[in-house]
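A.B. asks: The lines below spell out each chain.
2 protein chains.
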Amino acid sequence: MKNFFTYNWQVRQEWFEWCKHIKEEELTKSRVGGVGSILETLFHIVEVEYSWIRAIQRKEDIVVTFKEYDTLDKIMSLSKRYEEEITEFLNGNLFEMKNEHVYIPWDKNTYIVDDILHHLVAHEIHHIGQLSVWARELGKRPVPANFIGRNIRK
Amino acid sequence: MKNFFTYNWQVRQEWFEWCKHIKEEELTKSRVGGVGSILETLFHIVEVEYSWIRAIQRKEDIVVTFKEYDTLDKIMSLSKRYEEEITEFLNGNLFEMKNEHVYIPWDKNTYIVDDILHHLVAHEIHHIGQLSVWARELGKRPVPANFIGRNIRK
Chain V
1 MKNFFTYNWQ VRQEWFEWCK HIKEEELTKS RVGGVGSILE TLFHIVEVEY
51 SWIRAIQRKE DIVVTFKEYD TLDKIMSLSK RYEEEITEFL NGNLFEMKNE
101 HVYIPWDKNT YIVDDILHHL VAHEIHHIGQ LSVWARELGK RPVPANFIGR
151 NIRK
Chain H
1 MKNFFTYNWQ VRQEWFEWCK HIKEEELTKS RVGGVGSILE TLFHIVEVEY
51 SWIRAIQRKE DIVVTFKEYD TLDKIMSLSK RYEEEITEFL NGNLFEMKNE
101 HVYIPWDKNT YIVDDILHHL VAHEIHHIGQ LSVWARELGK RPVPANFIGR
151 NIRK
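Chains V and H, in that order, are what the protein sequence lines are. When we follow this note's numbering, the leftmost residue of the first sequence carries the number 1, and every step to the right adds one. When we follow this note's numbering, the leftmost residue of the second sequence carries the number 1, and every step to the right adds one.
No lab work stands behind these hints: they were computed from the structure. Just so you know, not all the hints are guaranteed correct.
No distinction is drawn between identical chains; accordingly, a pair holds when it is met within one copy or between any pair of copies.
Calculated lysine-lysine pairs in the DSSO-like style (CA-CA distance at most 30 Å, straight line) [stated by the list, open to error]: (1) 140 / 67; (2) 29 / 140; (3) 140 / 80; (4) 108 / 140; (5) 108 / 23; (6) 23 / 67; (7) 108 / 80; (8) 108 / 2; (9) 2 / 98; (10) 29 / 59; (11) 59 / 23; (12) 98 / 67; (13) 23 / 80.
My request is simple: use the sequences and hints to build the entire structure.
C.D. replies: So this is what it looks like as structure tokens:
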């Protein structure tokens with residue numbers, strides 16, 4: 001499971017780098033499908049992952065909005081901070097807690113930790129798939145999505 | 001890992017059902033991003049998964065082409081057949097072999113079984129993300145991609 005998180009963070013970082021070569025108006029332009037714009041989709045991926053991990057940790061949800069993180073630099077900085085915190089958490093006693101039930105306040109429902117981790121992995125890959133179509137529509141080559149061929153395995 | 005395969009097959013099946021309500025010309029229309037058309041992307045997901053699983057099994061690759069499976073019915077039937085075979089394989093001694101190295105003839109490279117399984121999971125979710133954008137561009141609601149809320153866990 002940790003390998004999937006590492007993969008997602010690596011791909012996410014490559015999209016951030018990709019964005020540096022795209023005009024800001026294209027990054028913030030509202031598009032069909034996904035979460036509004038390219039930047040808003042990237043923000044959404046970062047924000048959703050952190051919220052669910054906080055819920056697993058039984059910590060209060062920290063609500064951040066795209067309005068506060070509406071530039072590439074701000075999203076990159078938020079992502080870096082969250083990734084460091086989540087890495088530390090994933091390196092802890094994750095295996096022992098994977099069958100625990102966790103209450104999700106914004107969903108008013110209870111889920112198993114392992115299912116939440118699966119959910120987060122699939123959530124990010126799904127949205128990255130959307131970005132890849134938008135990239136082609138912009139006439140640009142998307143970030144390669146292959147899991148294989150990356151240096152994921154520790 | 002098996003849960004991710006179950007998730008992908010469930011979502012794939014829902015996309016097949018979704019396609020039944022879409023005009024054939026829309027399903028076969030060439031689109032930007034992804035693998036050509038909606039149908040070709042679904043065929044590609046099915047075909048790629050099977051090829052890699054055959055490679056893990058040290059079985060010869062069976063090459064099938066979209067030309068032979070260019071209708072929804074044919075792809076659904078191929079997917080069902082492959083899914084049954086792959087399910088049987090995944091229910092075998094997968095855990096024991098996950099660190100084995102496998103030679104991939106079309107790639108002329110060797111990969112670890114566990115990495116190939118990760119690759120397949122990410123591959124399908126990525127392409128489904130692309131379909132979701134095309135669905136919105138068609139003015140249609142895509143199949144929900146949530147992992148959570150499905151009856152995945154055995």
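A.B. asks: Tell me, in ascending order, the numbers of any earlier hints that this structure violates.
C.D. replies: 5, 10, 11, 12
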